[in-house]
Each structure stands twice: as structure tokens, then as C-alpha cells.
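Novice: Given next are the chains, with one letter for each unit.
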Amino acid sequence: MKIELEREKLLSNFEVYQHLKQIQKDNNWDLKTNKDGKKDRKVRKAFNPDLEAISRDIVSYLEKSNIQEQTEENVSNCITDLASKFPLEKIEVLQVINSKPRSFVSLYAVVEECDQRFSEEQSQEILDIVNQYFPSEQGEEEEGEEEEEGAVAENEDVEME
Amino acid sequence: MFILSRLSDLIRIPPDQFHKEAQTSIIYELNKKYANKIVHNLGLIVSVWDLIKVDDGLIKPGDGSSYIKCEVRVVVFRPFVGEVLTGWIEKCSPEGIYVKCEFFNDIFIPKDMLFQNCEYNINESAWIWKMDEDTSLYLDVNEKINFRVEKEIFLNIKPKGPKLYDDEEPEEETLETKKPKYSVIGSCQADGMGCVSWWE
Chain U
1 MKIELEREKL LSNFEVYQHL KQIQKDNNWD LKTNKDGKKD RKVRKAFNPD
51 LEAISRDIVS YLEKSNIQEQ TEENVSNCIT DLASKFPLEK IEVLQVINSK
101 PRSFVSLYAV VEECDQRFSE EQSQEILDIV NQYFPSEQGE EEEGEEEEEG
151 AVAENEDVEM E
Chain G
1 MFILSRLSDL IRIPPDQFHK EAQTSIIYEL NKKYANKIVH NLGLIVSVWD
51 LIKVDDGLIK PGDGSSYIKC EVRVVVFRPF VGEVLTGWIE KCSPEGIYVK
101 CEFFNDIFIP KDMLFQNCEY NINESAWIWK MDEDTSLYLD VNEKINFRVE
151 KEIFLNIKPK GPKLYDDEEP EEETLETKKP KYSVIGSCQA DGMGCVSWWE
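Sequence lines, in order, name chains U and G. The first sequence runs 1 to 161 under the UniProt record's numbering. The second sequence runs 1 to 200 under the UniProt record's numbering.
Be aware that one or more of the hints could be misleading.
Pairs of lysine-lysine, DSS-like flavour, derived with a Cα cap of 25 Å [stated by the list, open to error]:
1. G:LYS130 to U:LYS2
2. G:LYS60 to G:LYS33
3. G:LYS33 to U:LYS25
4. G:LYS60 to U:LYS21
No lab work stands behind these hints, which were simulated from the structure alone.
With the hints as extra help, turn the sequences into a complete structure.
Specialist: Have a look at this one:
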């Protein structure tokens, strides 16, 4: 094996997600074994435990950041919008797409020296663009909080015992 | 987080793959060889992305397989220094915090790369950030955490050679082999880092 080019291109999480989903689909790994599981198992192709494990893990990791809402269309539109309006570096656009910042703090973490390069209005505009293409998952956030509360309550129970 | 890398390799296609399309069996063999493997100074290879160039297959005497030289692009997990990633706290120890990312678990945040005024609490085995006098924030196990990539460490683990002396102590070797071949050192010092829930 020889490494010809270490870093040919950067990939966004979305592209990797799509690629792995395609692999899973081609090999029928995404089929859930249910009642008619016998039928499914017959169709499963290309036994490769390593590839199956890593694609399963990465897909589930990426789905936790709500990557399903991204489509080719809204990702590319968002990139053109961001790149045409702001002098952002390629890597910064990529990170904005990957992490979808919703607040100033998370935007500042991704974009270097954001407070000096952009005014508050401009930063707000970036956030608005992100929000426009990937509307925030308000409902799910609330659900998450509830879960956390539930977890805390459980912990307390344990301590009481 | 992910990059495309270009590799070239000589791949062996065994005869039982000959009924398939050449491309499919080449990709299959390449995935078998590379998927979920760490390559020194490259990163964790996820899967084959596409084939760039495939030469004619060659047959060697005494072997029915065909050997094909090909150039291929692979998806590699290799976060760049300065990138912000999200993970979950796996373990807290007095030395720092271990973070896991489902598919990649060798991420470590040493104690001097945590926020200032961070203290380790032995009783609760958690790190506590004393933001000011009244507020102390907990970095607990299984919390979702943001961190910045500071350093990547590759360790070249060579295959074990034959024992030269009988009195070689095996203890050192076990420690060596335990170390991950590729690990990421992170930091938690800027705004927006640390538990995701703090900043929402």
C-alpha cells in the first residue's frame, strides 16, 4: 500500500452519511430483522463485519446530530449563500454545515476570531441562514430536556436508597 | 472530521470472486482490507469512496488469483487540529477526561487542557468547573461534550519479534500493546466547549 495523497479533499458529515447509507442499502444491512427475519437474512450480502460495524456506528453517531434533515439541495444552497455573503474560509463553512450552530457561542467556537471579523449583525445573519436551511429542532430539544430531568430524578432515587 | 485520501495498492482477487463484476469484487476486497482500520500517519479508514484507476490483472504462477494494481480513494476519519467535535464522556480520572464518539473512542482531554478552576472530585469521580464562586458545573459521565482537537498521536506498533532472551519481562509489552495506535488529544478551554447543555 502506498499513500498517494494524504488529504485530497475534505468531506462533510453529510456526504459521509449519504455514502454509508448507500453502502448499507446496497448490502441490505439496514433491514431490521423482524418477524419475517428469515427472508431478510437471505438478502444480506457481502459479509464484512468491519465495514458493517463502522458504518453502523458512524451512521448512528451522525444521526444524533440530526443529519437526516440535510439534503443535497439545502446543503449546497446553504454553502453558496454563506460563501457568497461572508469571507469565510472553506474549513469554516464546512464546520458550520457540520455543527449547525444555533447560538453565538457555538458560532464563535467554529469560526476563528469571529467577533473581530464580523459584526454582531453579520454573525446573526450567519445564524439566520443556518436556521433558514436547517430549521432548529425546537420540539426535540424540549424532549431532550425532559429526558435529562428524568435522568436526574432517577439519580436522586438511587442516592436516596 | 472526514477527509478523502488517495491510496494505491496491489489487491488480490481470489478465484471465488471471479463471477462478480471486476469493480464490485475489487471494492469488496479493498473494503475487507481497509474498513475500520487505522493506518499510520493517515487516520481511521472508514470505507472505500471510489476507484480511480484499475490496471489489468496479473496472474502469478502457482496461484489462481488475479493481482490487480489499483488507485483508490478512501474516506478517512482524521479531524484537523482546531476542529470542534462532539462526543460523550466515557470516564473521568484524576488525569483528565476520556471521551468516546461511538466509532472512535481514543480521545483524551488532559487536566491541564480543561477550564481554569477545574477540580476533580474523587467521591463523585467527576470533574467540576467552578465558573465563579456560586456556580459549579459538573462534567459527568455520559454527558454530551464539545471539545477542540489539539493534537493527534500516532503510535507505530510493530509486530512482536521472537524472544531473544528467556528473561524478557512481558509486562512492558502488554502496556505497549494497550496503547491506541491513533489517539486524539482534545481541550476544553474556550467558550462553547464542555457540556453541550451548558450553552443552550
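Novice: May I ask which of the numbered hints given earlier this structure violates, with the numbers listed in increasing order?
Specialist: When the structure is compared with the hints, numbers 1, 4 turn out to be violated.
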